[in-house]
Amino acid sequence: MNFILILTIGLSVFVMWRLMNIVQLTSRLSGENEEEEQNRDNKVNGILLMAFMVIGLLLVVYMTVRYSEFMLPKAATEHGEETDLLLWWNFGVIGIVFFITQIALFYFGYKYRFNKSRRAFFYHENHKLEIWWTVIPTIVLAALIVTGLNSWNKMTQSDHDDGMKIQVYSYQFAFIARYAGPDNVLGKSSYLLISDTNPLGIDYDDPAAADDIMTRGNEMRLPVGIPIDMDCNSRDVIHSVYFPHLRTQMNAVPGMTTNFYFKPTITTAEMREIEQDENFDYVLLCNKVCGVAHYTMNMKLVIDEPDDFRTWLKEQKPVMDGVETAENSEEESEPDEQMAAM
Amino acid sequence: MEVKQGVQVEHAAEHDAHDHEHHDTFWTKYVFSQDHKMISKQFLITAIIMAYMAMAMSMIFRLQLAWPGEAFPFLEKIIPNFAPDGILDPSAYLAFVTLHGTIMVFFVLTGGLSGTFSNLLIPLQVGARDMASGFLNMLSYWFFFASCTVMTISIYVEGGAASGGWTIYPPLSALPQAIPGSGMGMTLWLVSMALFIISALLGGINYVCTIINLRTKGMTLTRLPLTIWAFLITATLGILSFPVLLSAALLLIFDRSFGTSFYLSDIFIAGEPLAHSGGSPILFQHLFWFLGHPEVYIVLLPALGLASEVISVNARKPIFGYKAMVVSMLVIAFLSFIVWGHHMFITGMNPFLGSVFVFTTLLVAIPSAVKTFNYIATLWRANIQFTPQMLFGIGLVSFFISGGLTGIILGDSALDINLHDNYFVVAHFHIVMGASAIFGMFAGVYHWFPRMFGRMMNKKLGYAHFWLTVIAVYGVFFPMHFLGLAGVPRRYYANTAYKEFDALININELVTVMAMLGGIAQLIFLFNFVYSIFRGKASPQNPWKSNTLEWTAPVKHLHGNWPGRIPVIHRWPYDYSKPGAKDDYIPQTVPFTETPESNLPADEREAKFNEEIANARSDV
Ligand code: HEM
Ligand SMILES: [Cu+2]
Ligand SMILES: [Cu+2]
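For the record, the sequence lines run as chains A and B.
Quick note on numbering that gives the first Met the number 0: the first sequence kicks off at 0 and runs consecutively.
Quick note on numbering that gives the first Met the number 0: the second sequence kicks off at 0 and runs consecutively.
Any given hint could be a false lead.
Claimed, not checked - Per the computed footprint, the stretches of chain A lying under chain B, defined by three or more beta-carbons under 8 Å from a beta-carbon of chain B, are: (1) 67-74; (2) 137-144.
Unchecked claim - List time: in silico BS3-like cross-link candidates among lysine-lysine, alpha-carbon distance up to 27 Å: (3) A/K42 x B/K322; (4) B/K498 x A/K115; (5) A/K115 x B/K581; (6) B/K458 x A/K115; (7) B/K458 x A/K110; (8) A/K115 x B/K536; (9) B/K498 x A/K73; (10) A/K42 x B/K458; (11) A/K299 x B/K498; (12) A/K110 x B/K581; (13) A/K115 x B/K459; (14) A/K42 x B/K498; (15) A/K127 x B/K536; (16) A/K42 x B/K536.
Source of the hints: derived by calculation from the structure; they are not laboratory data.
Just so you know, even glycine gets a beta-carbon here, dropped at the ideal spot from N, CA and C.
Please put together the full structure from these sequences, using the hints given.
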């Protein structure tokens with residue numbers, strides 16, 4: 000193996016060496032002077048620039064069409080639909096600028112390649128032109144800023160009161176979702192209370208915690224059409240709670256609570272039809288490098304009709320489930336799936 | 000009086016030069032050299048070695064991304080510790096990604112790019128005998144060298160190199176319990192970075208002092224080549240922002256080693272709660288990106304400066320909008336200090352603060368657009384010589400456009416929610432800062448190689464290098480946009496977490512094949528570079544028929560650069576293809592009195608100004 004490696008490298012160096020000698024020899028043999036050689040190089044490279052541009056731009060179009068099926072899978076939240084639209088507008092604008100400037104750049108390169116009988120145009124200032132090409136981008140950008148901030152404000156400044164409160168809790172290398180229950184208030188928690196049976200460090204003395212429910216497997220559910228008021232927390236390092244299909248992402252930072260507010264609009268069942276894939280599932284990914292197994296940190300998300308969601312939630316156990324019994328008798332406490340996942 | 004002194008100094012320099020030439024030992028000439036030209040070569044060669052190392056790492060982790068879990072027996076041969084059985088280990092993967100990013104950004108494109116070309120060109124283009132302080136300049140290189148060495152060693156320590164990404168966010172980087180690379184590897188990363196910052200500051204202060212104080216007669220600010228403007232602004236950015244990174248690193252060192260809680264709070268890890276309380280991991284991000292964003296311009300501006308010069312010379316046409324170019328760079332530099340929050344939109348930052356950062360970020364697009372239009376206008380009705388450096392210059396502009404445009408999308412907080420930290424970002428920054436800056440660097444190497452080594456590089460190999468590289472770069476980074484839009488996170492060892500990503504494996508294979516092509520192309524460059532140092536054709540005095548001052552210095556290097564007096568400057572550097580002129584270029588040292596046939600009405604004022612300087616000199 001090593002031998003082959005050295006052989007390849009040695010061979011390529013040798014080949015290049017020979018190539019160079021040949022190039023130099025041939026140019027000397029044909030009595031070509033440097034100027035003629037440079038002229039030929041100018042011509043060849045000018046044409047190559049043009050070819051590169053044409054083929055390149057065609058490939059840009061082709062690949063965009065070809066890969067469009069992967070790009071931006073259908074957004075499943077209200078704000079996601081809006082930002083997707085915004086994204087397409089932005090792509091439209093930058094696409095136009097991209098084509099115009101790249102074509103001009105490469106075309107001028109080709110068109111104005113060296114010609115001894117010509118002089119370049121001594122032209123280095125035109126205040127009118129310069130003002131125009133400052134003002135026009137400014138106007139376009141102003142439009143992009145205004146529309147962008149409009150969406151941003153709508154997403155971030157809406158009233159959170161009507162949302163269903165949940166918490167997504169991250170730790171190396173899994174997530175736990177906690178639902179606030181009927182009172183819609185999450186019970187207090189502290190990292191000092193964390194234990195094998197209390198992975199979220201919930202304060203059992205807080206009455207608000209009594210009706211909280213948490214997931215104990217690698218699956219969480221959300222109801223469709225109901226706004227979700229999501230708090231994100233982490234116990235160890237920074238993670239990022241990323242739902243690609245919901246166009247929702249928020250970092251989970253130890254020592255603080257971050258929040259994201261969104262409204263799912265498409266159930267898993269509906270999405271399976273849209274995607275024409277009966278195995279399709281939403282996913283929650285960790286999107287901030289958080290350790291060696293970062294790439295394995297994820298959770299299945301199911302979006303249900305509200306009724307189905309409530310039925311499911313009822314089947315889940317409250318956070319305090321098993322706590323009292325654990326104190327009384329050891330045998331009854333069940334092995335915790337989450338802990339096993341750690 | 001002053002004149003006399005000046006003359007004396009020059010004589011002294013001459014004597015100095017002679018003395019040195021006779022008494023130089025190998026050590027003072029090649030190793031502990033204080034000559035800016037030698038230091039520039041030291042920076043370049045060190046950076047090239049680091050660049051190949053970082054590139055090799057990227058090719059190895061690209062293999063894993065295209066063919067996850069597949070065994071490549073040769074990996075076991077070359078890196079047995081990191082790829083047992085020929086499969087790259089997940090922790091080695093993260094270490095490689097981290098070192099790849101760190102080396103590329105700091106060692107290649109900051110130390111390498113600024114160090115090489117600021118050192119080579121500042122004294123030669125402004126007309127100085129050497130840097131303001133040759134000794135500090137030498138220290139700057141040796142700190143850089145030490146920094147590179149420490150970083151390289153860190154790969155082999157227990158626990159491996161730092162693995163939290165080049166942005167080293169705590170708590171991950173603060174807690175060895177969280178990831179093995181945060182042990183000794185992270186300590187060495189921080190030591191290396193502290194050495195690097197010292198090097199950058201020593202260099203930067205020297206560059207600024209030299210440009211401000213040591214310009215030759217007649218070299219007014221408006222007659223500076225754009226390269227020098229770019230180096231001046233870059234060095235200033237570095238001086239203002241690197242100390243902030245140093246303080247961020249220091250606080251991290253305290254948290255790691257002395258139990259402080261600047262960045263740490265409420266942490267439960269490895270089965271126990273930690274004593275740290277009251278800190279904020281977000282504070283680190285603010286400090287880091289306060290350097291981090293200016294850093295991307297520290298990387299980019301010198302490349303743009305080099306490209307301005309290369310494009311103008313090879314287009315045989317003055318750069319369009321010289322003043323606008325300078326003003327744009329100044330505006331970009333200023334704005335670069337107030338946009339850092341765009342890296343933190345989803346850290347829970349107050350949405351209103353986010354809006355402010357959206358606003359300032361998108362403003363940067365305006366001076367960037369102006370610069371692009373100026374480059375394109377420079378090509379319009381030009382008379383272009385396609386040397387390899389010109390091709391790389393055009394490539395740079397193309398990447399600057401492609402990558403800059405996607406920045407408009409990422410700067411929009413509402414859109415960034417979905418794209419943050421995924422492959423769209425990787426595509427964006429590689430094109431706009433990685434590829435642009437590397438192409439600027441290549442343009443610089445091909446253009447100034449004759450000035451550095453007194454020989455020419457082979458053009459044909461240069462063309463092959465350019466075409467393969469430009470195809471490879473677009474081939475690697477354009478498809479990554481699609482991965483990002485499909486939601487693939489960056490810094491993932493494998494995309495096995497979510498089965499919908501399986502369909503994207505074709506794109507990943509394409510990217511990796513293109514990366515291999517790019518790697519091969521760099522072998523052509525390496526060969527050309529080394530071969531030409533020893534066997535290249537001897538360089539004529541002014542191979543590209545350029546106006547700037549460095550081409551008046553003798554091809555054979557001297558201490559003090561010019562044998563006699565330092566030439567006096569009479570005009571700006573861009574009198575290419577001036578109507579009426581004999582040749583299509585008029586060097587900066589040619590007085591207007593010698594070119595009556597091409598003088599324009601506006602030149603009268605300049606000529607008068609020159610006279611005033613000349614008179615002022617003999618008056619005193
Ligand atoms: C040789 C060609 C290159 C290839 C194939 C390449 C490939 C990659 C890939 C695939 C990643 C992402 C890995 C991941 O997130 O899992 C990456 C990260 C990165 N690359 Fe490159 N790259 C190249 C050159 C460069 C250059 C010239 C720069 C200079 C700016 C650069 C700077 C970075 C940085 C800063 C990161 C982020 C590292 C991190 O996540 O901490 N790369 N590279
Ligand atoms: Cu994580
Ligand atoms: Cu930035």
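Status of the hints after comparison with the structure:
1. Counting residues of the segment 67-74 of chain A whose CB lies closer than 8 Å to any CB of chain B gives 4, so the stated coverage by that chain holds, three being the minimum.
2. Residue count for the segment 137-144 of chain A with a Cβ under 8 Å from a Cβ of chain B: 4. That meets the three needed, and the coverage hint holds.
3. A hinted pair counts as satisfied when its Cα atoms are at most 27 Å apart, and A/K42 with B/K322 does not qualify at roughly 32 Å.
4. Taken as a hint, the B/K498 and A/K115 pair is broken in the structure, with Cα atoms around 60 Å apart against an allowance of 27 Å.
5. Note on A/K115 and B/K581: the hinted pairing holds, with a Cα-Cα distance of about 13 Å set against a maximum of 27 Å.
6. Simply put, B/K458 and A/K115 have alpha-carbon atoms about 20 Å apart, close enough for the 27 Å limit, and the pair holds.
7. For the hint linking B/K458 to A/K110, the alpha-carbon distance of about 21 Å falls within 27 Å, and the restraint holds.
8. Proximity of A/K115 to B/K536 is assessed by CA-CA distance (about 24 Å); at most 27 Å being required, the pair is judged to hold.
9. Taken as a hint, the B/K498 and A/K73 pair is honoured in the structure, with Cα atoms around 17 Å apart against an allowance of 27 Å.
10. Annotation: proposed proximity of A/K42 to B/K458 holds, straight-line Cα distance about 14 Å (limit 27 Å).
11. For the proposed pair A/K299 and B/K498, the alpha carbon gap of about 11 Å is at most 27 Å, so the pair holds.
12. Under the criterion of a C-alpha separation no larger than 27 Å, the hint pairing A/K110 with B/K581 is consistent with the structure, at around 24 Å.
13. Simply put, A/K115 and B/K459 have alpha-carbon atoms about 21 Å apart, close enough for the 27 Å limit, and the pair holds.
14. Distance restraint check for A/K42 and B/K498: the Cα-Cα separation of roughly 49 Å exceeds the 27 Å cut-off, and the hinted pair is therefore not satisfied.
15. Taking the CA atoms of A/K127 and B/K536, the gap is about 46 Å. The hint is violated against a cut of 27 Å.
16. This hinted pair checks out: A/K42 and B/K536 have alpha carbons roughly 23 Å apart, not beyond 27 Å.
The structure fails hints 3, 4, 14 and 15 (numbered hints given earlier, in ascending order).
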